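Colleague: Listed below are the residues making up each chain.
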Amino acid sequence: MLRGNRELWLAFFAILLITGLYGLVILFTREIPPAGELFGHSLGIVGFILMLMTETLYSLRKRSRSVKWGRLSSWLQFHIFTGLVGPYMVLLHSSWKFNGIAGITTLFTIIIVISGFTGRYIFTRIPRTLEGLEIEGTLSQEALKQARRLLALWHMIHIPIGMVLFTSAFAHLCGALYYATLLR
Amino acid sequence: MRQRLGCLSGTGLIAALIAALVIVGYVYARGGLLFNPGPLNAQSGRALGGVTSHAEIGDNCESCHTAPWESETMADRCVVCHTDIAAQLQDVESLHGTILQNNLDLACRDCHAEHRGPEASLTVIDTEEFPHEAVGFSLHGHQQTSAGEPFTCGDCHQADITSFTTDSCHNCHLQMDAQFSITHRITFSPDCLACHDGVDHYGDDFDHNQFAFPLTGKHTEVSCSGCHQNAHTIADLQSASQDCFSCHSQDEPHEGQFGTDCAACHSTDGWSPASFDHNLSNFPLTGAHVNVACEGCHTNGQFQGLSTACIACHTEPAFHAGLFGTDCAACHSTTAWSPAQFNGQHTFPLNHGGGATCATCHPAGFTAYTCYGCHEHEEAEVVERHLDKEINNFQNCMACHPTGEKD
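As you go down the protein sequences, you meet chains U and E in turn.
Okay, so the first sequence: first residue is 1 according to my numbering, each after it adds one.
Okay, so the second sequence: first residue is 1001 according to my numbering, each after it adds one.
One thing to keep in mind: the hints can contain errors.
Said to hold, decoys possible - Computed list of chain U residues with no C-beta within reach of chain E, every gap over 10 Å:
(1) 7
(2) 23
(3) 97
(4) 99
(5) 161
(6) 166
(7) 167
(8) 172
(9) 178
(10) 179
To be verified - Cβ pair distances, simulated, as ranges:
(11) U/182 x E/1063: 41 to 47 Å
(12) E/1128 x U/151: 57 to 63 Å
(13) E/1091 x U/182: 28 to 34 Å
(14) E/1107 x U/74: 44 to 50 Å
Note that these hints are calculated values from the structure, not bench results.
These numbers were taken from a predicted model, which means no experiment stands behind them.
Glycine included, every Cβ here is placed at the ideal spot set by N, Cα and C.
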């Protein structure tokens, strides 16, 4: 179980660690870390970078078969790890306020994580090698066809959600720079 | 083979484009409202700039926000409406002037946070740097709570940082010294700030002797309200009269006979002993008068208006036989009745005989005299001499010798 879901355990420990740190900051400052101050802001920036990595690295590796850095399954594990830890940090960055574009971005972040989880379990229905190649013959043609159709459908939903998320995140970033960070 | 990123699929790009269009359209229609991190403060105050709260500004972000590339800052827009604060910033004696002088880089929003909800406080202050004395109460004497903990804003400002009631003072000081606090509050009113400014000397360091009326003797045992009745402000306290009589008129047993300058005779060590200097009166005490008890002369508690005539106290003795009048001092001094020096009219020359006392001629009272018994006036010899000259009526010597001479 542990071996099979190593990325989940690692993500769980990372989340525990971040939660502990978050608790300590609350203990010392006696307030929920505001999104615009050092700790809260750092959570948002690092979380967003992790989410960007989630979006791009696995996808790049998957499509660059000529340059084979690491096993594809490892990249998938890393994709899942960052896909959980990044959104969790973004959630903490929200300081539990969900107003305007920041709230919309958080909402889409939560949706994309749920969608990602769903996708992971659809993906694992198709047997693959460590390099991610489908292993034929273990499933009936009918079952494989159905699994592929389901995966395609999931992609149709997951990717637009992700794009909306990054568009709104970008808008939030611009707004935050204009109205807060660069404020004079 | 290099493929496009998965996210750059047709549906992905369309979704991103639609999202971007929605965002741009919203921003175009409603300004920066999409980026509003939270509701503005809705607590109504004075009307400034046409509104009574920030919430009434609504979604007009530009009322307060400037673009990063503009030379105008947010603070510049704050003072457009908050003209009173603009005036304070020019006055280093004022709260905001003091703060700005100490921190030239501070912007309004560093202390006054917005978008925290309609009810949230607009003021967020670094307690260690806040010049609390600028609001009329220094924290000089409030570094630690009665429990020895550093003070926090909430210790005094329970409901809101901008509000304060003296219940906060009372609750804390009640724990420190309940009896004193209750008495003090009743005596001087619950409005602590009317007298206390945090640096005054009315706390543990209070020393009445630093003021114009040092407390000595019995005055050190008197409660504050004993002298400072109904005092509710510093001005009230300072207006307490320093004149003895203003407090001690009820204690006056002299019925006004000694005036109102109690300290002329009494000290703060007690009413008794008193040190009345009788010599300052119109009847200085000399001689035997010094040792007489006050009541010897001042009977019935009368100290003023007494006659200074001797006869007011001294009756003429019977042996004077009413011959000397009532001006005792004409013959007597205060040292003693005797010896006395008669200086009045005398029908017979007083220099007769030399060295004689009254009793020489008046051995049996002043109404009678005798010439016998003195030098040559032996009775037998006088009788013999007068009979030799056939003078039979010689008993009244003065009839023939009014000056004491032979002829």
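Colleague: Let me make sure I understand: some of the numbered hints might not hold for this structure. Which ones are they, in numerical order?
Modeller: Structure breaks hints 3, 4, 5, 6, 7, 8, 9, 10, 11.
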